[in-house]
Amino acid sequence: MARSKYGFSIFVVFLVLIHLVLHVGMGIGESAPDLMTAAVLLAARRMRAATAALLGLLLGILEDSLALVSFGASAVAFSFIALLGARSRDLFEGDSMLFVAVYLFLGKALRDAIHVLLTPAETGMLLTATPVAALYVMVAGLIALGVYRAITGER
Amino acid sequence: MGVVALALILYALPTEYQSPVREGLRATVLRPFLAFQERIAQRRGRTVDVAAIRAQRDSLAALVTAQASLAEENRRLRALLALQERAGDAFIPADVLHVGMATAESTFMLNVGRAEGVRVGSPVLTPEGLLGVVWSVDEHQAQAIDWTHPEFRVSAMTADGLAYGIVEPRHGRYPEEALLALTGAPFHVDIAPGRRIVTSGRGGVFPRGIVVGTVLGIEEADTGWRKSYLIRPAVRPEGVAQVLVGVGRSGREADLSALWHVSAAPDPLGADSLPPLPALDADEDTN
Numbered sequence: 045m046a047r048s049k050y051g052f053s054i055f056v057v058f059l060v061l062i063h064l065v066l067h068v069g070m071g072i073g074e075s076a077p078d079l080m081t082a083a084v085l086l087a088a089r090r091m092r093a094a095t096a097a098l099l100g101l102l103l104g105i106l107e108d109s110l111a112l113v114s115f116g117a118s119a120v121a122f123s124f125i126a127l128l129g130a131r132s133r134d135l136f137e138g139d140s141m142l143f144v145a146v147y148l149f150l151g152k153a154l155r156d157a158i159h160v161l162l163t164p165a166e167t168g169m170l171l172t173a174t175p176v177a178a179l180y181v182m183v184a185g186l187i188a189l190g191v192y193r194a195i196t197g198e199r
Numbered sequence: 644m645g646v647v648a649l650a651l652i653l654y655a656l657p658t659e660y661q662s663p664v665r666e667g668l669r670a671t672v673l674r675p676f677l678a679f680q681e682r683i684a685q686r687r688g689r690t691v692d693v694a695a696i697r698a699q700r701d702s703l704a705a706l707v708t709a710q711a712s713l714a715e716e717n718r719r720l721r722a723l724l725a726l727q728e729r730a731g732d733a734f735i736p737a738d739v740l741h742v743g744m745a746t747a748e749s750t751f752m753l754n755v756g757r758a759e760g761v762r763v764g765s766p767v768l769t770p771e772g773l774l775g776v777v778w779s780v781d782e783h784q785a786q787a788i789d790w791t792h793p794e795f796r797v798s799a800m801t802a803d804g805l806a807y808g809i810v811e812p813r814h815g816r817y818p819e820e821a822l823l824a825l826t827g828a829p830f831h832v833d834i835a836p837g838r839r840i841v842t843s844g845r846g847g848v849f850p851r852g853i854v855v856g857t858v859l860g861i862e863e864a865d866t867g868w869r870k871s872y873l874i875r876p877a878v879r880p881e882g883v884a885q886v887l888v889g890v891g892r893s894g895r896e897a898d899l900s901a902l903w904h905v906s907a908a909p910d911p912l913g914a915d916s917l918p919p920l921p922a923l924d925a926d927e928d929t930n
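Top line first, the protein sequences correspond to chains A and B.
By my numbering, the letter at position 41 of the first sequence is numbered 85, and the numbering carries on one by one without gaps.
By my numbering, the letter at position 195 of the second sequence is numbered 838, and the numbering carries on one by one without gaps.
So that you can see chain B by itself, here it is in the shape it has in the complex:
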C-alpha cells in the first residue's frame, strides 16, 4: 500500500515538481521512441502521397510568405505614421508527432521547443486554420493540445465580427464525431449555417483572424439570453503531419485576418480600448 500512497503523492504534487520528471523521461527513456517516430514522419514525407504533403507544405509556405509581406507592409505604414514598431508575428514550421497513448489523447508532440522560440500558449496552425495550442515546452520539443482536448477554449467571432463567443469542443460517441461549439453568442443575433468562425484575438493567446470552422446549426438557446452553435472544425487533427507554430506576439495585437481573407470588423474591445494583457511566461506550464 505504501507504493500506491507514493503514487498518490506524486499525483498530488504541484506541477513545478512534476515537470522535471516528465521532461527527464521524455529526454531519456522515451527519446529513442520519439526519434523513431520523427524518422518515420520524415520518411513518410518522402515516400507516401508526395503530392499531398507537397501541397500542404506549399500552403504553409504561402501562409508564411503572405504573413511576411503583411508584416513588412505593417512596418512601413507604422514608420510612415511615426508609430513605434510592434513585434510582428512569426511562425516556424514543425513536424507533428502523434502519441498513441490513452494518457496523451487529444495531444501531439512538436519537434520544436524553447530553443526555437516556442512558448506555452503558442498557437498551432495549418493552412486550413487553427489546430491547437502549445501546452508544455521542453528545450527542443513541445507538447500541444488539439481542439478536441477537454481543456481547449478559444475566443472566437463570426468572420464579419457580428457575434462573439467562446469555442469549446463537443464530443460524440467516437473521436471522429467530435465537433466544436460556439457558446455564449448573443441571443438577438442569428448565425446562419455555413458562416465562418474565426479567432477574435481576445484573451491574449490566439492571434485574431484564424479560421476555426464553419457553423453547422444551432445547438441550444439556453436561458433565453445566449445561444450556442455547433461548428464543423476547419482542421481534423488525425491527418495533420506538418504545422506552423506561432513564436511571435499573440492576441489582440496580432491580426491574421488577411491570411484567410477574413473581412472581420474592428473589435469593439480592441487593443486601443483595453490595457494590454500580460504576456505568457516562456517557462510557464499551464498543466
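Chain A with its partners taken away, still in its complex shape:
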C-alpha cells in the first residue's frame, strides 16, 4: 500500500514536471496538454479533501507566478477542483477508465470556467477552446494513467 502511495506521488510529480518542461521550458502553448490539471485531478481522488486542496493551492500559485493579471485565479480554481475531486469519492467509488475520462473532462472544464470568471479572459472561449482543451486533458490523462497502471500493475 505504502509502495503504491509513493509510486502514485512520484507519478503526480512527474506529470507536473513534464507540464513545466513543455509549457515553460519549451514554450509550447495549447499544443501541449494541461498535465497540471490532470495531475491535480488524479491526485485528488486519492487524497483527503484538505490535502488535495492544499496541493491545488500550491500548484495554482506556481502557475499564477507566470500570470500578469489576476494573480491567485489559478490557485482558487485548482484548490476548488481538487476539493471537489476528493469529495467525489463519497459519490463515485472505483476508478474505471470511463469514469476517469468523464472526471478529467468535467474537471478541466470546471477549472477553465472558474479561471475565466476570475480573469478578464473572453467568456466565449468556454464554448470554443475549453471543450477541446478538456478533451485533450482527458486523452492525455487516460494515457498517463494507463502507463502508470501498466508499470505498477495496479488495477
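Read the hints as simulated data drawn from the structure, not as lab findings.
Bear in mind the structure is a predicted one, so any value in this text is a computation, not a measurement.
Cβ coordinates follow ideal geometry from the N, Cα and C atoms, glycine included.
Treat the hints with caution; some may be incorrect.
[Said to hold, decoys possible] Here are a few chain A residues that sit away from chain B, every Cβ distance over 12 Å (derived from the structure):
| id | residue |
| --- | --- |
| 1 | Val65 |
| 2 | Ser132 |
| 3 | Asp134 |
| 4 | Tyr147 |
| 5 | Arg155 |
| 6 | Met169 |
| 7 | Arg193 |
[Unchecked claim] Where chain A lies over chain B, by a calculated footprint (3+ residues, C-beta under 8 Å):
| id | stretch |
| --- | --- |
| 8 | 646 to 653 |
| 9 | 761 to 771 |
| 10 | 823 to 830 |
| 11 | 834 to 848 |
| 12 | 852 to 862 |
With chain A fixed as given, assemble chain B onto it according to the hints.
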C-alpha cells in the same frame, strides 16, 4: 474549504503583496525551466533558419544604429541652439521567451530586467514595428504583454498625423485571427485602407512614430461622431525571437518617426503645449 478561502484571500491581495511571491517563484522553482527555454532559444538561433535570424538581428542592429545617429544629430542641433540636452532613447536587445501556460496568454518573458534599465512601461519593438510593452520587471527578467492582450492600449495616429485615436486588440475565434482596431478616430476623416498607423507619443508610454500596422477598412461608425478602423498588425507575436526594449525616455519627448520613415506631422498637442507627464516609476507594477 479553508484552503479555498486562503486561495481567495491570495486572489484579493493587493499587488504589492503578490509581487514578492511571483518574483520568488520565478527566481527559484521556475528558474530552471525558464533557463532551459533560454538555452533552447540560443541554440535555435545557432541552428535553425540562420538566415532568417541573421536578417532579424541585422534589422535590429540597423534600427539601433539609425537611432544612435539621430540621437547624435539631435544632440548637435540642440547644442547649436543652446538648448538643454534631453535624455535620448536607448534600446537594448533581448531574447523573447514564450510561456506556454494559459495563465500567461498574450504575454512573454524577456531575458533583461531592472538591472539592465528596463522598467514598467518600456516599449518592446521589432524591426517591423511595435510588439508590446513591459508590464512587470524583476532583477534580470521582465514580463511583457503583446498587442493581443486585452489590456493593451496605445495612442496612435495615421502616419500623416491627420487622425488620432486609441488602438486596442480585437479577438477572433482563434488567436491567429486577432487584429487591432483604431478607435475614436474623427468622423469627418476617412482613412483609406493600406494607410500606416503609428504611435502618436501621447500618454507618455510609447515613443512617437513606431509602426503599429496598416488599415484594413472601417469597423464601425458609432453614434455618428467617431469611427473605428480595423488594422492589420505590423508584427505577429508568435514568431518573434528577438526584440529591442526601450530603456530611455518615452512618450511625446521621444520621436522614432525617422526610423520607420514616417512623415508624421507635428502633434497638435505637442510637447511644448502640454506639461510633461510624470515618468513611470521603475519599481511600479501595473498589475
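Structure-based check of each hint:
1. Taking the minimum C-beta to C-beta distance to chain B, about 7 Å, the non-interface status of A/Val65 is violated against the 12 Å cut.
2. At roughly 15 Å, the least C-beta separation between A/Ser132 and chain B is larger than 12 Å, which holds for a residue marked as non-interface.
3. Every CB of chain B is more than 12 Å from the CB of A/Asp134 (nearest about 15 Å), matching its label as outside the interface.
4. Every Cβ of chain B is farther than 12 Å from the Cβ of A/Tyr147; the closest lies at roughly 19 Å, confirming the non-interface assignment.
5. Against chain B, the non-interface label of A/Arg155 is violated: not every CB pair exceeds 12 Å, the least being about 10 Å.
6. For A/Met169, the non-interface assignment is contradicted: its Cβ lies about 9 Å from the closest Cβ of chain B, within the 12 Å cut-off.
7. Here A/Arg193 stays apart from chain B, with its beta-carbon at least about 28 Å from theirs, past the 12 Å limit.
8. With 6 residues carrying a beta carbon less than 8 Å from a beta carbon of chain A, the stretch 646 to 653 of chain B meets the three-residue requirement, and the given coverage holds.
9. Counting residues of the stretch 761 to 771 of chain B whose beta carbon lies closer than 8 Å to any beta carbon of chain A gives 0, which falls below the threshold of three, so the coverage claim is violated.
10. Here's how the stretch 823 to 830 of chain B fares: 0 of its residues keep a CB closer than 8 Å to some CB of chain A, so the rule of at least three is not met and the hint is violated.
11. Remark: the stretch 834 to 848 of chain B is not confirmed as covered by chain A, as 0 of its residues place a Cβ nearer than 8 Å to a Cβ of that chain, below the required three.
12. Counting residues of the stretch 852 to 862 of chain B whose C-beta lies closer than 8 Å to any C-beta of chain A gives 0; at least three are required, and the coverage claim is violated.
Checked against the numbered hints given earlier, this structure breaks hints 1, 5, 6, 9, 10, 11 and 12; the rest are met.
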